[in-house]
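**Student:** Chain by chain, the residues:
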Amino acid sequence: MTSTLTPAPSSTRNSLTSGQLTRVQLGLIVVGAILLGALTWVFSGSVNWARWIAASIVAYVAATYVISRIVEGRRKALDRVVVAVVTCAFLLVMLPLVSVIWTVIERGSARFDSTFFTGTMRLTPEDIAAQNEGAAVGGAYHAIVGTLIVTGIATAFSVPFGLFTAIYLVEYGKGKLARGITSMVDVMTGIPSIVAGLFAYALFELVFGPGTRTGLAGGVALTVLMTPVVVRSAEEMLRLVPNELREASYALGVPKWKTIVKVVLPTAIAGVLTGITLAIARVIGETAPLLVTVGLAQDTNYNPLDGRMTTLPVYTYYQYVQPGIPPEAGQNRAWAAALALVVIVAVLFTTARLLAKILKPKGLR
Amino acid sequence: MTITDPTDTTGATPPGASSEKVSKIGDKVFGGLAKGAGIMILVTLAGVALFLLTEAWPTFTNDLSELSGSDTFLGYVGPLIFGTILAATLALILATPLAVAVALFISHYAPKRLATTLAYFVDLLAAIPSVVFGIWGISVLAPILSRSLFPWLEDNLGFLPFFAGPASTSGRTMLTAGMVLAVMILPIITAISREVFLQTPRLHEEASLALGATKWEMIKQAVLPYGRSGIISGAMLGLGRALGETMAVAIILSPSDGYFWDIISNQNSNTIAANIALKFPESSGLEVNRLIATGLVLFAITFLVNAVARKIASAGFSGADG
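Just so you know, the sequences run in chain order C and Z.
Each step along the first sequence adds one to the number in the working numbering, with nothing skipped, and position 228 is 228.
Plus 1000 on top of the position in the second sequence (first one is 1) and you've got the working numbering.
There's no promise every hint is true.
Quick list of in silico lysine to any residue cross-link-like pairs, SDA-like style, CA-CA up to 20 angstroms [said to hold, decoys possible]:
1. Z:Lys1028 to C:Leu177
2. Z:Lys1220 to C:Lys256
3. Z:Lys1035 to C:Val261
4. Z:Lys1035 to C:Arg23
5. C:Lys262 to Z:Lys1311
6. Z:Lys1279 to C:Gln322
7. Z:Lys1112 to C:Arg308
8. Z:Lys1279 to C:Arg308
9. C:Lys256 to Z:Phe1082
10. Z:Lys1311 to C:Gly180
11. C:Lys256 to Z:Gly1031
12. C:Lys76 to Z:Phe1030
13. C:Lys262 to Z:Gly1032
14. C:Lys262 to Z:Lys1279
15. Z:Lys1024 to C:Glu171
Quick caveat, the hints were computed from the structure, so don't treat them as lab data.
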């Protein structure tokens, strides 16, 4: 963050700071704007959150400008307006995040129960009868298993693949080949996920015949998406390792590969693990490539080499758009699956942050 | 602790004759593995292009008139390209100003201690799976928009072709899809802009403030000019992401065939990615080939956009310090 000279905030009024708005006055503007926004309820006769927020923001920015212009002058007024606009923009962006998380927790908790984590969608006629009467049946055990298998395959492929590529780029790569690989990693980063799915489908169709849908194909599709992320983050981390460490190791007569394995990698391990965790978090919620390559199954399939599999994101999608009868049952399952997904992603995300903190070697940076 | 001190590392035993041999082999094997992995990247990419081309080829050699939709491939893919670009452009227009403001807020306005936490939340936004955004968009955002924003736009801005109406009551419109896409690409643009803003030379900022500039004038004089290329390349990367985003659009839009400029009505052109996701599971034969060919078109478009983004980024950073 910048710690440049900031104009000193004026909390007390004296001869030097007269002609400036105090914090209390600025706070009053905020409160006033929100109340003014609330007036829209009176005019329209109903509570409308969107209109309230929009009106409050407009009122806040306008009031800040007018009042500051009168008290502090044109330049200061513009300065304050920018603060107001930027702060409002940030709060506005937080709105969807809060709304998404709130909605997912609220609607997802209805079916976030033991049946959901142990049951599958292979429903017996009794189950369906019970569902028609509003009972909670059907689960996502098969989808969770599928997600773990497919993501596991992708991780098993892309971590060594990506790590070795990063090592090549940082430790060995020179000249045309390295430059070519770097730019191709860039291109790979930009591959749309559905195209990665189509690629895996095309590959497996050519090898195993049309209509092939297996967990392995999904794993391959996710590998295409995950590898560049791993390469990027690992490359960045390996480059942070000070050259002195490598040179000290060489000076002791340690061969290059041992230097990499025992000096460079351990030093960078925090960043590398963080990058891998974030990469997993990125692909575990991928839906489109799995829709194309893995498809959907009613029951648990532990074999990634044979037959369709359900994964959590695809499960969420189908339960929502084809909820069956009554629709609430399917939609509740979809929200529960969405909640499970968000929890998994949040856990991975936080783990990555913690890993970075815990494993960060002292003295580096 | 895994920290490695150079003094006590590794096989610090003096390399004997036999271990030297092992080392040489080790070096060769390890170096070969690394190089092989690098080359595999090239092979994979070539594979992506090759397999997609092979599978897309029958579209161009066969008669498409038996399939639903247009008789020619261009007639089929045209509205899809239009929809893809329209949705992504909408997302970009909505997201870029907000993202720049948020990046400025985090880099220059938020209290220092808060800034890292705030950045974390914005990054978390990027990690939420697109299917979750999709079902949130259709069940939460769409009803709100169709109640408040769409009728207002139709009444007040209906003279523009974009808002001609009739306004959708279900909220399954291009504008809803564009908004959800905007939320999804915002963290990318924010992250890149924030990074460049933080790299603004301290001296530029202090020189500006020393001349009596207010904070905003300082940002206008020092931070924004320095970060311009970062903003642009961030926006282009966001655009690339929006072009390929599938599930949110597939869930929200109710697609029709043809070109539709109206972004608040029930009739919308589909996007390439969403069209594949919707049709692929039920397709077979030539239909699959045609969908893969549209995927190839999408690949080409995103490739172009990303290439332009990289060009801008590399051109901007090199001379920016001067």
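**Student:** Provide an ascending list of the numbers of those earlier hints which the structure does not satisfy.
**Tutor:** 2, 4, 5, 7, 9, 12, 14
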